[in-house]
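2 protein chains.
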Amino acid sequence: MKKIDGGVTAAKGFKAASCQAGIKYQGRTDMAFVYSELPCVCAGTFTSNVVKAACVMWDKSIVESGSPMQAVVVNSGIANACTGKEGYDACEATAKAVEESLGVPYSSVAVASTGVIGMQLPVDKLVAGVKTMSTTLDGSIQAGTDASKAIMTTDTVNKEVAVSFEVSGKTVTLGGMSKGSGMIHPNMCTMLAFLTTDLAIEKALLQEAVSDVVKDTFNMITVDGDTSTNDTLLCMANGLAENEKITDKNADYEAFKEALKFVCEFLAKKMAADGEGASKLFEAKVVGAKDKQDARILSRAIVGSNLSKAAIYGCDANFGRFLCAMGYSGADFDQNDVELYFESVNGKLKVFDKGTPILFDEDKALEIMKADTVTVFVNMNEGEAQATAWGCDLTYDYVKINADYRS
Amino acid sequence: MKKIDGGVTAAKGFKAASCQAGIKYQGRTDMAFVYSELPCVCAGTFTSNVVKAACVMWDKSIVESGSPMQAVVVNSGIANACTGKEGYDACEATAKAVEESLGVPYSSVAVASTGVIGMQLPVDKLVAGVKTMSTTLDGSIQAGTDASKAIMTTDTVNKEVAVSFEVSGKTVTLGGMSKGSGMIHPNMCTMLAFLTTDLAIEKALLQEAVSDVVKDTFNMITVDGDTSTNDTLLCMANGLAENEKITDKNADYEAFKEALKFVCEFLAKKMAADGEGASKLFEAKVVGAKDKQDARILSRAIVGSNLSKAAIYGCDANFGRFLCAMGYSGADFDQNDVELYFESVNGKLKVFDKGTPILFDEDKALEIMKADTVTVFVNMNEGEAQATAWGCDLTYDYVKINADYRS
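Those protein sequences? They're chains A and B, same order as listed.
The first sequence begins at 1 in our numbering and counts up by one.
The second sequence begins at 408 in our numbering and counts up by one.
So here's chain A without its partners, still in its complex pose (with noise of 0.2 angstroms):
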């Protein structure tokens, strides 16, 4: 497997495009189309928020459905969440424009939103948006970057990736793009993630490949606890790579998690440290643990408590909170079995040895946490299971975006 430039048109036969639609934002581009020349069989993990946004239910019917996929449209700006039948016509009305300017069926396109909840969408913007993007639709890496700029909202940089890997002999092209970057905290997938494969695969080995990466990698991240009414993660693959299709979870299969594990891990950690006002990335790491299970909700709780996010940013090793944290998360274990480490590019020192403070050295420590990712190294000497949760730190930015977000 190889990274390589680009994102949702790397892969053969997918094509972009993006516009100024004018939904809410002025001056920049708010609308993006994903395009597939084939049909696709599709995978989708969606938020387990209640509260699902209109193109929330409108996706998971087409997933599953079990129908295929030929392309997704997003707008940025404004969410079409809790817009009631208003807002789900506005999904219909966006796919049914694709139908009319390319001839796919309406029930093969995806829709996703992303901005401010209960407001409804302009649908003859959408509408007109759709009609000019049909006719600027392009294969090209630049076009695919475009795409990856008009998704963000409050997103300082855009998050893109590619990797091309070796299936039954034949290469296999895997792009997607993301965005964050408050209102994340993922419990099914992130706030938007479109994944785009020429890969020949049979569409639930697809969801569950998806479904099982997800778990490590978009549902490791937190910026700030709040699960979006929002969260879509879709992936299409069109099989233009021609490999023998996958059809059991052979080797070929496991190529593919790795390529597709690749792919969501960077551009989750893209979206952590591009949370809202953050200025470093926030990754805990925990090791030792009784069972995967507790090692997922211990990470995670670490990277989730506005104390230890707000000590990240701080610089401070005020490493009681992060024990604090693991404490209240619902995993059960003995204090006194527990290590913790502070770890960046600039060393590693522990802080708390099996139920006992260490007297540590403050300017050693400052130094490590001044770095651009810091780790919480956490060992629970219990088991042999691990896992990693990403983050940010709290900021004076964070409460200066959101106290005004809306207006």
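Hints in this document: simulated from the structure, not taken from any laboratory.
Some hints could be false.
Said to hold, decoys possible - Ranges of calculated distance between the beta carbons of each label pair, as one might list FRET restraints:
no.	chain 1	residue 1	chain 2	residue 2	range
1	A	Gly347	B	Lys761	55 to 61 angstroms
2	B	Tyr432	A	Lys348	29 to 35 angstroms
3	B	Ile765	A	Val123	16 to 22 angstroms
4	A	Gly347	B	Asp760	52 to 58 angstroms
5	A	Asp361	B	Thr780	42 to 48 angstroms
6	B	Ile411	A	Glu384	55 to 61 angstroms
Said to hold, decoys possible - Listed below are several chain B residues computed to face chain A (Cβ distance under 10 angstroms; list not exhaustive):
no.	residue
7	Leu714
8	Lys716
9	Ala718
10	Gly762
11	Thr763
The beta carbon of each residue, even a glycine, is placed where N, CA and C say it ideally should be.
Following the hints, position chain B against chain A.
Quick look at chain B alone, frame taken from chain A:
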């Protein structure tokens, strides 16, 4: 029942003292002592955090043993959590210093700590503090107020309250003090709260009343979602009111419970309003829920959401964030049943009506949200249960306080 002046010294036979022990803070008091002339029946609720402070384990064993309690020694500045055997020994040394000074058995002396986790307490200073305070115990209102000031950490105001009520023709008094104000997301009870009463009551009934009342008061507040390692509520009853001892759930028991609820709700709301960096009290009232548990979960999720809290700070009627928080709370419901209002002394405004956003007057919304206390009122329209939760807004100052709290 009527509210009266005072706090922990309001009830007959209770005395308090405080001193500058120099544990962490300079130029302010940091130890408090509450003492009853007679041994008391006692009740307590404690943190559900797996990582329990040494003092929590100490107090829990007293409350569960069934032995009387006669004194509580509290220090602020260091939490005595994650401190291993040395931390537990510090509890014992403190209790033994009380035995030496006042002749009460050390097994009837509770201890409580609040402050930085993972530092050892200076035992010599604690013991010296106990000796000093033993000579200055005083039953005046002022002594109680001074004690409530000595237990503060990042609190900006001290918190105390007292009420009197009638039981079998006798006047009974109940008073209390508590402190916040970060790492507040109680799950059994709040960080530190001490209640004193001259009521005569059986231990089992005292515990039942306390456990019951805590569910709708201290357990319904949150500042930052971080459940502390030190949460402790102790209630001591010395019987000096000479009422006919309460031994079953009669009208006297209910009168006491009503007083207890008033005192706990008063202190809990004070803690929420004085959350770290807070500029407002943020209240969520959920009515029409399926059951009590759902009502509690939903109201707590609303006041616990970082995005909701930031919107309250920014006076932004961004109601989607509140619905989003309800959606990931764990309660199951249909957004098409839900009505949501903003409410304060400046008025009440409906913004979401059974699945559909309402185009509301933004000026009116701003006026409502500018008040010192802002309520999100939600009717689930699916049953009869209701609950109220209290929190505060998320401000720059929260980040500031916690980015450099330790140093």
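Against the structure, the hints:
no.	hint	in the structure
1	A:Gly347 / B:Lys761: 55 to 61 angstroms	holds, 57 angstroms
2	B:Tyr432 / A:Lys348: 29 to 35 angstroms	holds, 33 angstroms
3	B:Ile765 / A:Val123: 16 to 22 angstroms	holds, 19 angstroms
4	A:Gly347 / B:Asp760: 52 to 58 angstroms	holds, 57 angstroms
5	A:Asp361 / B:Thr780: 42 to 48 angstroms	holds, 46 angstroms
6	B:Ile411 / A:Glu384: 55 to 61 angstroms	holds, 60 angstroms
7	Leu714	holds, 5 angstroms
8	Lys716	holds, 9 angstroms
9	Ala718	holds, 7 angstroms
10	Gly762	holds, 4 angstroms
11	Thr763	holds, 4 angstroms
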